[in-house]
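Peer 1: Throw the hints in and build the complete structure from the sequences for me.
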Amino acid sequence: MRGKHRVVVQNNKLHYEFEIKRNITIIQGDSATGKTTLIEMITQFQNLGASSGIEVICDVPCRTISGIDWKLILNNTHDSIVFLDEENSFINTKEFADIVSGSDNYFVIITRENLYSLPYSVEEIYGLRASGKYQNTNRIYQDFYNIYSTTQENPVEPEVVITEDSKSGCDFFTAVCEEKGKKCISADGKSNLFRLVKEKEGEEICVIADGAAIGPEMNRLYEQVRKNPKLKLYLPESFEWIILKSGIVGGKKVDDILAHPEDFIESQFFFSWERYFEKLLIEQTEGMYLQYKKAKLNAAYLHDKNKRAILSVLGEGNLII
Amino acid sequence: MLSIYFGDMKDAIYHPPTYFDNTYEDNWITDPLSVEMIKDVDKSEVVGPNLIQSTVLGPIPPKALSGGVKTLMLFKFDETGKVFNASACGNNCAKWILKIADSKDLTINLRHIMDFGNGDFNIKILNTDIVVKNMCELADVAGEYV
Numbered sequence: 001m002r003g004k005h006r007v008v009v010q011n012n013k014l015h016y017e018f019e020i021k022r023n024i025t026i027i028q029g030d031s032a033t034g035k036t037t038l039i040e041m042i043t044q045f046q047n048l049g050a051s052s053g054i055e056v057i058c059d060v061p062c063r064t065i066s067g068i069d070w071k072l073i074l075n076n077t078h079d080s081i082v083f084l085d086e087e088n089s090f091i092n093t094k095e096f097a098d099i100v101s102g103s104d105n106y107f108v109i110i111t112r113e114n115l116y117s118l119p120y121s122v123e124e125i126y127g128l129r130a131s132g133k134y135q136n137t138n139r140i141y142q143d144f145y146n147i148y149s150t151t152q153e154n155p156v157e158p159e160v161v162i163t164e165d166s167k168s169g170c171d172f173f174t175a176v177c178e179e180k181g182k183k184c185i186s187a188d189g190k191s192n193l194f195r196l197v198k199e200k201e202g203e204e205i206c207v208i209a210d211g212a213a214i215g216p217e218m219n220r221l222y223e224q225v226r227k228n229p230k231l232k233l234y235l236p237e238s239f240e241w242i243i244l245k246s247g248i249v250g251g252k253k254v255d256d257i258l259a260h261p262e263d264f265i266e267s268q269f270f271f272s273w274e275r276y277f278e279k280l281l282i283e284q285t286e287g288m289y290l291q292y293k294k295a296k297l298n299a300a301y302l303h304d305k306n307k308r309a310i311l312s313v314l315g316e317g318n319l320i321i
Numbered sequence: 322m323l324s325i326y327f328g329d330m331k332d333a334i335y336h337p338p339t340y341f342d343n344t345y346e347d348n349w350i351t352d353p354l355s356v357e358m359i360k361d362v363d364k365s366e367v368v369g370p371n372l373i374q375s376t377v378l379g380p381i382p383p384k385a386l387s388g389g390v391k392t393l394m395l396f397k398f399d400e401t402g403k404v405f406n407a408s409a410c411g412n413n414c415a416k417w418i419l420k421i422a423d424s425k426d427l428t429i430n431l432r433h434i435m436d437f438g439n440g441d442f443n444i445k446i447l448n449t450d451i452v453v454k455n456m457c458e459l460a461d462v463a464g465e466y467v
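Sequences listed follow chains A and B, in order.
Numbering-wise (the numbering used here), the first sequence opens with residue 1 and increments by one.
Numbering-wise (the numbering used here), the second sequence opens with residue 322 and increments by one.
These aren't lab readings, by the way, just hints derived from the structure by calculation.
Being a predicted model, the structure only gives us computed values, none of them experimental.
Don't take each hint at face value.
[Claimed, not checked] No more than 16 Å apart at the CA atoms, straight line, and that leaves these computed lysine to aspartate or glutamate pairs for EDC-like:
1) Lys-227(A) <-> Glu-458(B)
2) Lys-227(A) <-> Asp-461(B)
3) Lys-4(A) <-> Asp-69(A)
[Stated by the list, open to error] If we take Cβ atoms under 10 Å as the criterion, some of the chain A residues that face chain B in the derived model are:
4) Arg-6
5) Pro-61
6) Glu-87
7) Glu-113
8) Thr-137
9) Ile-140
We put the CB at the ideal spot given by N, CA and C, even for glycine.
Peer 2: Now the structure itself:
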């Protein structure tokens, strides 16, 4: 499945309205915000249709899955938005992750657990909130809000940069940091970020990581940010996304894709968006002097004009290196 | 005192709200602490053991209470010695977990880092057998396990 899908679920008391645009969406947040009620309403509509008294409006089928037959049902569910409540302990298994990775469904998972087998985006971790009455009815309007804000209001000028990446992205930031007399350290994978950040407590640090897949790490990273005001997180989709965004490769086609990636990224083929951006950048630069390889940075990206264009994307996110 | 085991815990009750639905007693609902917790977390008033007035849903039975409040009541009243997964509770339940643990030894399982607020506390982390006194200390230890 691809694209952005608006979902409305309502009865005479509640009106839920939100958009789903990636293969994995997580709902968490406070108790008593209506998460389980949402699942129950979708289940009732799934079983009884309009005679349930519930309305579900979406351009693709919405359904819930639970219980021991989950694999059987999932293997026979296609092009749907699948909602899972927190009672399903299988959501943190490798078996479930394997199914999600090749699935043509989108998944909306209610859980506070950090699902390390799934590469979900920091932007797709939501809470539910009541936002008053829906239009002129007595229904309570329920919508999503981002649990983690991804915008940095004030400019950040770190002493130390920690990259999740150990390859091209790290090569780029290491070169830039060396020029400025700053330190750049590779965490060699997102799962090492927490320990590295803890070790560096007290220093002006900025972590640069792939926002497209950092979701499972956010709970423990965010707690580190709360206790250390000198720690900042910069979470673009990926290093390849920064390059594409800089405008040094591509052109109109790439601009169109970046404006609404969800219309181009097929969930069945891309477990997370950063894999798509990597493929796109490789395709766009094939045979060019800017030919991109993940394993080692092409030195052309460090040529002054290119480097400045890439750094200007960071600047838009208020990161100055 | 509150004790927490972070991460997968084999014998813990993974989904306490279901366990609650099938084991709760009427007097749990009308207990003064439950009345207070239901008012605070669910924004609902206990009318009687089988009726709660919800501001959003109208009159509801105990089974329609939030998963968080159901789990809190298990922490308070369940006497089987079972350990319950407190990741069924949002951060708005944290102060109640601390309050319940003021009057009994309570062991819970957490599969995420719950925010216990800015105050001081004494929480024993069973994974390491150490006592943490605030969120900074708790987050440093918990991040190794969840």
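Peer 1: Decide, hint by hint, whether the structure agrees.
Peer 2: So, going through the hints one by one against the coordinates:
With a C-alpha separation of about 10 Å, the suggested pairing of Lys-227(A) with Glu-458(B) holds against the 16 Å cut-off. Pair hint Lys-227(A) plus Asp-461(B) holds up; C-alpha atoms about 10 Å apart against a cutoff of 16 Å. Restraint check for Lys-4(A) and Asp-69(A): not satisfied, since their Cα atoms lie roughly 28 Å apart, outside the 16 Å limit. The criterion of a C-beta within 10 Å of any C-beta in chain B is not met by Arg-6(A), whose closest approach is roughly 23 Å, and the hint is violated.
Among the interface hints, the one on Pro-61(A) is violated; its C-beta lies about 26 Å from the nearest C-beta in chain B, farther than the 10 Å criterion. For Glu-87(A), the shortest C-beta to C-beta distance to chain B is roughly 4 Å, which falls under 10 Å, so the interface hint holds. A least Cβ separation of about 4 Å between Glu-113(A) and chain B falls short of the 10 Å threshold, and the interface hint therefore holds. At its closest, the beta carbon of Thr-137(A) sits 13 Å from a beta carbon of chain B; the interface hint therefore is violated under the 10 Å criterion.
Because the smallest distance between the Cβ of Ile-140(A) and any Cβ of chain B comes to about 5 Å, under 10 Å, the interface hint for this residue holds.
Checked against the numbered hints listed earlier, the structure breaks hints 3, 4, 5, 8; every other hint is satisfied.
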